[in-house]
Amino acid sequence: MTTLRRVTLDVLKPHEPSMLAFTERVAEVESVDGVTASLIELDQEVQNVKITAEGAGLDYDAIEAAVDGLGGTIHSIDQVAYGEHVVEERRTLQDG
Amino acid sequence: MTTLRRVTLDVLKPHEPSMLAFTERVAEVESVDGVTASLIELDQEVQNVKITAEGAGLDYDAIEAAVDGLGGTIHSIDQVAYGEHVVEERRTLQDG
Amino acid sequence: MTTLRRVTLDVLKPHEPSMLAFTERVAEVESVDGVTASLIELDQEVQNVKITAEGAGLDYDAIEAAVDGLGGTIHSIDQVAYGEHVVEERRTLQDG
Amino acid sequence: MTTLRRVTLDVLKPHEPSMLAFTERVAEVESVDGVTASLIELDQEVQNVKITAEGAGLDYDAIEAAVDGLGGTIHSIDQVAYGEHVVEERRTLQDG
Amino acid sequence: MTTLRRVTLDVLKPHEPSMLAFTERVAEVESVDGVTASLIELDQEVQNVKITAEGAGLDYDAIEAAVDGLGGTIHSIDQVAYGEHVVEERRTLQDG
Amino acid sequence: MTTLRRVTLDVLKPHEPSMLAFTERVAEVESVDGVTASLIELDQEVQNVKITAEGAGLDYDAIEAAVDGLGGTIHSIDQVAYGEHVVEERRTLQDG
Amino acid sequence: MTTLRRVTLDVLKPHEPSMLAFTERVAEVESVDGVTASLIELDQEVQNVKITAEGAGLDYDAIEAAVDGLGGTIHSIDQVAYGEHVVEERRTLQDG
Numbered sequence: 306m307t308t309l310r311r312v313t314l315d316v317l318k319p320h321e322p323s324m325l326a327f328t329e330r331v332a333e334v335e336s337v338d339g340v341t342a343s344l345i346e347l348d349q350e351v352q353n354v355k356i357t358a359e360g361a362g363l364d365y366d367a368i369e370a371a372v373d374g375l376g377g378t379i380h381s382i383d384q385v386a387y388g389e390h391v392v393e394e395r396r397t398l399q400d401g
Numbered sequence: 306m307t308t309l310r311r312v313t314l315d316v317l318k319p320h321e322p323s324m325l326a327f328t329e330r331v332a333e334v335e336s337v338d339g340v341t342a343s344l345i346e347l348d349q350e351v352q353n354v355k356i357t358a359e360g361a362g363l364d365y366d367a368i369e370a371a372v373d374g375l376g377g378t379i380h381s382i383d384q385v386a387y388g389e390h391v392v393e394e395r396r397t398l399q400d401g
Numbered sequence: 306m307t308t309l310r311r312v313t314l315d316v317l318k319p320h321e322p323s324m325l326a327f328t329e330r331v332a333e334v335e336s337v338d339g340v341t342a343s344l345i346e347l348d349q350e351v352q353n354v355k356i357t358a359e360g361a362g363l364d365y366d367a368i369e370a371a372v373d374g375l376g377g378t379i380h381s382i383d384q385v386a387y388g389e390h391v392v393e394e395r396r397t398l399q400d401g
Numbered sequence: 306m307t308t309l310r311r312v313t314l315d316v317l318k319p320h321e322p323s324m325l326a327f328t329e330r331v332a333e334v335e336s337v338d339g340v341t342a343s344l345i346e347l348d349q350e351v352q353n354v355k356i357t358a359e360g361a362g363l364d365y366d367a368i369e370a371a372v373d374g375l376g377g378t379i380h381s382i383d384q385v386a387y388g389e390h391v392v393e394e395r396r397t398l399q400d401g
Numbered sequence: 306m307t308t309l310r311r312v313t314l315d316v317l318k319p320h321e322p323s324m325l326a327f328t329e330r331v332a333e334v335e336s337v338d339g340v341t342a343s344l345i346e347l348d349q350e351v352q353n354v355k356i357t358a359e360g361a362g363l364d365y366d367a368i369e370a371a372v373d374g375l376g377g378t379i380h381s382i383d384q385v386a387y388g389e390h391v392v393e394e395r396r397t398l399q400d401g
Numbered sequence: 306m307t308t309l310r311r312v313t314l315d316v317l318k319p320h321e322p323s324m325l326a327f328t329e330r331v332a333e334v335e336s337v338d339g340v341t342a343s344l345i346e347l348d349q350e351v352q353n354v355k356i357t358a359e360g361a362g363l364d365y366d367a368i369e370a371a372v373d374g375l376g377g378t379i380h381s382i383d384q385v386a387y388g389e390h391v392v393e394e395r396r397t398l399q400d401g
Numbered sequence: 306m307t308t309l310r311r312v313t314l315d316v317l318k319p320h321e322p323s324m325l326a327f328t329e330r331v332a333e334v335e336s337v338d339g340v341t342a343s344l345i346e347l348d349q350e351v352q353n354v355k356i357t358a359e360g361a362g363l364d365y366d367a368i369e370a371a372v373d374g375l376g377g378t379i380h381s382i383d384q385v386a387y388g389e390h391v392v393e394e395r396r397t398l399q400d401g
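Chains A, B, C, D, E, F and G, in that order, are what the protein sequence lines are. Note that the working numbering numbers the first sequence so that position 31 is 336, with each residue one more than the last. Note that the working numbering numbers the second sequence so that position 37 is 342, with each residue one more than the last. Note that the working numbering numbers the third sequence so that position 68 is 373, with each residue one more than the last. Note that the working numbering numbers the fourth sequence so that position 64 is 369, with each residue one more than the last. Note that the working numbering numbers the fifth sequence so that position 9 is 314, with each residue one more than the last. Note that the working numbering numbers the sixth sequence so that position 72 is 377, with each residue one more than the last. Note that the working numbering numbers the seventh sequence so that position 26 is 331, with each residue one more than the last.
It is worth saying that the hints were derived from the structure and are not from the lab. Note that the structure is a prediction, hence the values are computed from the model and not measured. A virtual CB, placed ideally from N, CA and C, is assigned to each residue, including glycine. Take the hints with a grain of salt, since some may be wrong.
[To be verified] Residues from chain F that keep clear of chain D, each with C-beta distances beyond 10 Å, as calculated:
id, residue
1, THR307
2, PRO319
3, ASP364
4, ASP366
5, THR378
6, GLU389
[Said to hold, decoys possible] Taking CB as the label site, the calculated pair distances span:
id, chain 1, residue 1, chain 2, residue 2, range
7, G, GLU346, B, ALA367, 54 to 62 Å
8, D, SER336, G, VAL391, 37 to 45 Å
9, E, ASP348, F, ARG395, 22 to 30 Å
10, F, ARG395, E, HIS390, 21 to 29 Å
Working from the sequences, and respecting the hints, build out all of it.
In structure tokens form, the structure reads like this:
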């Protein structure tokens, strides 16, 4: 049985709750060990935020529910890592 | 007898199953220790995803079967590493 | 119960107090272990400063109060990290 | 008596055998501990591949024979390392 | 009680004393463990120098006095670090 | 008595002997622990190669003799390191 | 009493003595543990060389004398480090 160890999401969130409260809520999801959120850009309505969560067995549905519950939407799943450890991706000659 | 220790694939996958379910399925292949998938780009029909799998002796056919079974196609094999350990490629003066 | 471990702020501050006094005051907030402030740019009225604070359980409100108390304003929250450890964000193929 | 510890080759190979089978065959050469192959580019006839092999005393002729035996040709030898250990090249002010 | 652990200054100094004598003098300030100075640019009158000082509890006033005493002026304070350890700033998506 | 610990040379060599034989010969020089050679560029007559040799006390004359003996010429000495250890050069604000 | 631990110089030297002999001579200065010299550029008359010397207490006058004695001139002092250890400079947001 494999487990989800890291997920990076592109999220659109309203200005309220703040990035702090938003990230704190995601960090409180049972399976999450840590979450880092970075501001990509913002306009009058929304903030575009990059969220990276790590844990030994992340419960994605609970993370998604937390984001939804705060009025956010997951715009895209940018990176996921399953397995016994996180495989660090390396640049190959095919990466632009 | 040498073994496959890391493979990086350029994969085209339908929107469903999600990148999560897709990557989880590949990570469940017997010989796979870990898989990281990154979104390269997406359009209305497909997602172009970079998949990096690591293991002590990866079963490539089983990985390919998992990708096929989920409706994906391996667009290209971008990097492979065989042997007792993974040889980390270094930039040479010939790399653009 | 999760905790705030690192926060990076974009702050506008008057020329007085100096960046030294300003940063010292933020570093004196009870929950703060360390603070690094970098000058982004300055004009005749204000200094635009990037402030990164770390601690085992940062009290954001106290940090905000310290900034306000010194005549500064938090222009944006650029990055936050909650959890048992700081999750280091990695570049993905989606980062410009 | 010095030994070859790492060699990086620019190889042109037919589409068949696959990069997997090709790299596996090179990795099976007696003196090779590990091989990483990266796709540089491909067209309808051939794949241009960067191959990096490491070992305590690489048998270059056997590597070359393996490449030839699979229908490949060594377009250029991009980097070689002889000696008691691999000397890691560093950028100098003369590198473009 | 927090302490100043690192400060990076943009300093304008006359050609005399030399960068050596200038940096040596700053390094002799009681609370300074080490100082690195780098030449940014120079013209006929002045040298523009980047000075980075580290210590367990830097006495900024004494550093400033040393710079002044040598005919230099602190053009700007570019970075300061207070606390139990130096917080290493990380690039965020907001850095140009 | 100081010793030469690393030297990086820009060498022009004929196509024969190959980069392998050429580098092997340099690595066989008594004082050389290891040599890495990288192809910079080649034309019909010559190969331009960057050679980095390391050892506890490199005999430069013997290295030069080996290069000459193989029909090569040292176009320039790009970097040398003498002393008890190799001093790693760092970028300064003066490097382009 | 503080000491000079690293100095980086921009030096103009005649073609003779060679970069080897030149660097060897500087490395033989009593207080010098190691010296790395890199070729920046050269023309018919002179070589422009970047010299980095390290030691527990470098005698700058002796280094300068060695350079002068070999027909070289110190074009500029690019970086100096005084103190109990070498303070590694970090990029700040003010570096171009």
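Hints, verified against the model:
no., hint, result
1, THR307, "holds, 20 Å"
2, PRO319, "holds, 14 Å"
3, ASP364, "holds, 15 Å"
4, ASP366, "holds, 19 Å"
5, THR378, "holds, 16 Å"
6, GLU389, "holds, 19 Å"
7, G:GLU346 / B:ALA367: 54 to 62 Å, "holds, 56 Å"
8, D:SER336 / G:VAL391: 37 to 45 Å, "holds, 42 Å"
9, E:ASP348 / F:ARG395: 22 to 30 Å, "holds, 25 Å"
10, F:ARG395 / E:HIS390: 21 to 29 Å, "holds, 23 Å"
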